[in-house]
Amino acid sequence: MADFFQLNPGEILTLVEKAGYEPSGHCMALNSLENRVFDLRLEDGSHIISKFYRPGRWNDEQILEEHEFLRDLQEAEIPVCCPLAFEDGSSLASFQDEIYYSFWPRVGGRSPDELSPENLRILGRLLARIHNVGQAKHFEHRISLDSLTYGTYPLETLLRGEWIPSSCKKEYVETANRIFDLFREKIESVPLHRIHGDCHKGNLLFGKDGWFFVDFDDCLKGPAVQDFWMLLSRGKEGLEEREHLLSGYREFRDFEERWFDLIEILRAMRFVHYSAWISTRFQTDPSFPTAFPHFAGNEYWEKETLELKEQYKLILDSLGGKHFFSVTDSLPEEEELTNKDFFWDLED
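Residue numbers for the sequence shown follow the numbering used here, beginning at 10 and rising by one.
Keep in mind the hints are simulated off the structure, nothing from the lab.
Take these hints with a grain of salt, some might be off.
Unchecked claim - The calculated EDC-like cross-link candidates involving lysine to aspartate or glutamate, where the alpha carbons are at most 20 Å apart (straight line), are: (1) Lys-322 - Glu-183; (2) Lys-230 - Glu-194; (3) Lys-195 - Glu-266; (4) Lys-179 - Glu-319; (5) Lys-60 - Asp-48.
Whenever a hint applies, use it, and build me the whole structure from the sequences.
Shown next as structure tokens:
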């Protein structure tokens, strides 16, 4: 793992040359907490992106399935970025037998701050087409979004690491397990297929050729609504945005209203999954204590526990149920979204 953190421009440029490119010597690191990503300028003035995958996160079969999904989407004329092929035809190579890497074309554009009703309809149509392609094949090696991978296993990771202080452990665990129970109930009979998995505004680019979907690093088998909720605001505004997105989506694919019951449950499960993700990196990756300085403190977990309880209350209120605890502070109609709602591996 040490080599992953200590990748240097000389090693990277050597790999670029080995792949048949002519680097100019320009090698700029891009912000990414999970992988090591570099912008490389070639002698002809063009740019490519090199991506070095964190060892132990994905195996080669899982990464290649992501690449296959992207090629399927590109063949269907959906705007995505596909990895470049090496001389042997593969899109993946390894460095020092443990670090997988790939090269990508550089894509221009800007991530949106807001999405207009028309843009939401356009994105809805594109998401429906992504899901149509996603349904045509199955992942054999990538994970499925279920109560184990997205809930129980992350919670067990936190408990094994003894991250949650005793002062709030009981409430946190009890609330999380109740949320997982609701997920199991609501996911029943919801179709699962290949999806983007981390579809937020930061993974959308808008340029001269229109919209572009990037970063399928977290693609998995899951419900269509997982690719909806991170694009939407909360409260009344979010309901209006949802209708615009859905109107575009339904031009190409069916979507049942009951699937929206999963949105707030998925948001709550992401709280747990996100904390578990930090915990698995915190003591081994030197960038994580800097990026998340409060993670090991009681204040962080007290706040997390309160937010999880509030989110559980919101879930039950939205489903017309009753909650098992009282929250003294009333919930605002729309809460400010944070990086935890969206970003998994980008620095602020």
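Structure-based check of each hint:
| no. | hint | result |
| --- | --- | --- |
| 1 | Lys-322 - Glu-183 | holds (13 Å) |
| 2 | Lys-230 - Glu-194 | holds (18 Å) |
| 3 | Lys-195 - Glu-266 | holds (12 Å) |
| 4 | Lys-179 - Glu-319 | holds (16 Å) |
| 5 | Lys-60 - Asp-48 | holds (9 Å) |
Going through the hint list in order, the structure satisfies each hint without exception.
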